Amino acid sequence: MPITLMSPTGHLGFTPIERGSFEAGLAARPDAIVADSGSADIGPYPLGADVGHSPEEWQRHDLELCLLGARDLGVPLVIGSASDTGTDRGVDTFVRIMREIAREHGLAPFTIAAVRSEIAPQTLIDHLGAGATLLGLNGRADADVDVLTATDHAVAVMGVDPIRAALEAGADVVVCGRSSDSAIFAAVAEHLGGLPRSTSLLAGKLLECASFCAEPFMGKETVLGEVDEDGVTLTPMQPQQRCTPASVSGHAMYERIDPYSEHVPDGTLDMTNLRFEALDDRRTRVSGAVWRPSDRYRVKIEGAGQTGQRAIAIMGIRDPYTLERIDDVLQWSRDKLVERFGAPGDAAYRVHFHVYGRNGVLGDLEPHPVVDGHEVGIVVETVADTPARAHEICTLASRNLFYARLPDVKGTAGGASFFSDEVLDARPDYRWTLNHVLALADVDQDARVHEELFRTEMIAVGMEVPA
Amino acid sequence: MRLVDLAKTIRSKNAGVDHITFDVIFREAADYRRTVDAGVLSRDSVASLYGIDPDRVVSFVAFDPANAIKFTVRRRNPAGSAGEPDPFGSQCYAPLFDVEVPEA
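These protein sequences, in sequence, are chains H and P. Under our numbering, read the first sequence as residues 1 to 467, first letter to last. Under our numbering, read the second sequence as residues 468 to 571, first letter to last.
Check each hint, because a few of them may be wrong.
As the list claims (entries may be wrong) - Now the stretches of chain H that chain P is said to cover, found in silico as 3 or more residues with beta-carbon under 8 angstroms:
1) 239-250
2) 281-293
3) 429-437
4) 444-454
To be verified - Quick partial rundown of chain P residues pointing at chain H, CB under 8 angstroms, derived from the structure:
5) Ile477
6) Asn481
7) Arg510
8) Ala514
9) Arg543
10) Pro545
11) Gly547
No lab work stands behind these hints: they were computed from the structure. Bear in mind the structure is a predicted one, so any value in this text is a computation, not a measurement. The beta-carbon is built from N, C-alpha and C at its ideal position, and this holds for glycine as well.
Only chain H is shown next, with the shape it has when bound in the complex (with noise of 0.2 angstroms):
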């Protein structure tokens, strides 16, 4: 039968839900929300670091919205990635202030499930000795036991099964650890209506990032799909947004390389050969979608790890003389760093000048880096193994630009200006150092790690009554 899915934000948390199509989309009367709550666009701090990417009191507002609106209908929430990294310690932050809200507004009992996703970087090297591989996506490298050891933290990526099999236990409310944008949306539609693979994680993929499905160009707004056995229709709740065609089919190759596979643990969606249909000026439907499943898990795994302490300051330069010999000046810099601390390179120390006016914003990829304005700004970034240390040799990076000596120039008080004379500590370096997917030696092993890969608590909320 089909299902009216709820989408109220691309990324829970991120900025605030917009109340006001919010609102719209409850009046509709949906079978479910669903929300994802992170991202790999965020960079490899928050998960390296396993930190939260926004302020808890958004993602507090934001839950406090969904959880009281889907209580309230009596339908289900699932809350993808929970706090931006889907770590056990965002599954286990977005369990405590949903327990917070049910407290704070007397909520009924209901059942919450986590379903963790957070895999140990040793229970990877394990996995290796077991003949398993990490194969490297898109051009990496396979994982060896020293990319695990520079890991930090990793997260395996679920798909749809481990979150279906919560709710058809019995789950109100479904807070992931890191899954696939899709499947969370695609869990519901197949548990509620009985709904194909195919079109369920279609409707998820044309869902997940809510309104950037419609134009014009609007965030934080809420969409609904309704998915039957065929295909998806997708309707904006904001009365100035439209889902058309073009909308639809430009979001649907958004932030991806390949605009026709979808990819998830048990298989792929085949977007070939997919329609787009308007049926009237506001809605699009969306069908062709084929799912094809493979015989073999193949799960994501990324992960991030600390590569050093960073430090940054800000220069800048004004003098046309100075500017046509830029390279000169940063080479005496570098030059004067080698004459210190030794040759640069990733177990001693590494140096980046980002000069705006150049080739700042496009770094290699810039076509034309030549200055041919009046003046840059350079950021000056180090890093090194001791935040003391970042800080001296950017210290000295900057300061040389400073006393940088080029012959002939006729500003003997200074080569750069300072923004500031001080050295900015910022927060350490973090590489992703996975973005893989992990393929064990046998078949017979993929049902048993798969499921200690998505593990299932079932916790009961909203038992206490308030006084």
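Knowing the structure of chain H, use the given hints to seat chain P on it.
Relative to chain H, chain P alone:
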């Protein structure tokens, strides 16, 4: 005509942690068809435009349903690493503006 004046959307964004994907979306199917047929955007031409090895252009797709040309470039380092610019990959598209598309 310059691509910036012909296309409705020209954007770039991260596609996973190691890649930046570029989308050039046309309002009219005819403009899309004309640009595809003219061959002014290709793996080699965008590699040349950005001054990179063609091997770093890992994918090139003419996506008919959205009247869009999409290509993807591998980063030198993962997004968000020290020294790697533009953590979201969202500001890489401007060099595409000046690509000349011949009149129909």
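### Task
Return the status of the interface hint for Pro545 of chain P: holds when the least beta-carbon distance to chain H is below 8 angstroms, violated otherwise.
holds, 4 angstroms
### Query
Once the shortest beta carbon distance from Asn481 of chain P to chain H is found, is it less than 8 angstroms?
Constraint on Asn481 of chain P satisfied, holds at 6 angstroms.
### Query
Does the interface hint hold: is Ala514 of chain P within less than 8 angstroms of chain H, judged Cβ to Cβ?
Status violated, d = 11 angstroms.
### Query
Do at least three Cβ atoms from the segment 429-437 of chain H come closer than 8 angstroms to Cβ atoms of chain P?
holds (count 5)
### Query
Are there three or more residues in the segment 281-293 of chain H whose C-beta lies closer than 8 angstroms to some C-beta of chain P?
violated (count 0)
### Task
Examine the segment 444-454 of chain H: at least three residues should have C-beta closer than 8 angstroms to a C-beta of chain P.
Violated, because only 0 residues of the segment 444-454 of chain H bring their Cβ atoms closer than 8 angstroms to Cβ atoms of chain P.
### Task
Against chain H, run the beta carbon of Arg510 of chain P and see if the smallest gap drops under 8 angstroms.
At 13 angstroms from the nearest chain H Cβ, Arg510 of chain P fails the 8 angstroms test, so the hint is violated.
#### Entry: Interface hint for Arg543 of chain P, Cβ within 8 angstroms of any Cβ on chain H
Given a least distance of 6 angstroms, the restraint on Arg543 of chain P holds.
#### Entry: chain P covers the segment 239-250 of chain H, three or more CB atoms within 8 angstroms, holds or violated
Satisfied; 4 residues make the cut.
### Task
Would you settle whether the hint for Gly547 of chain P is holds or violated, based on the nearest Cβ-Cβ distance to chain H being less than 8 angstroms?
holds, 3 angstroms
### Task
Have a go at the Ile477 of chain P hint: is there a Cβ in chain H nearer than 8 angstroms to its own Cβ?
With a minimum Cβ separation of about 12 angstroms from chain H (threshold 8 angstroms), the hint on Ile477 of chain P is violated.
In summary, the numbered hints that this structure violates are 2, 4, 5, 7, 8.
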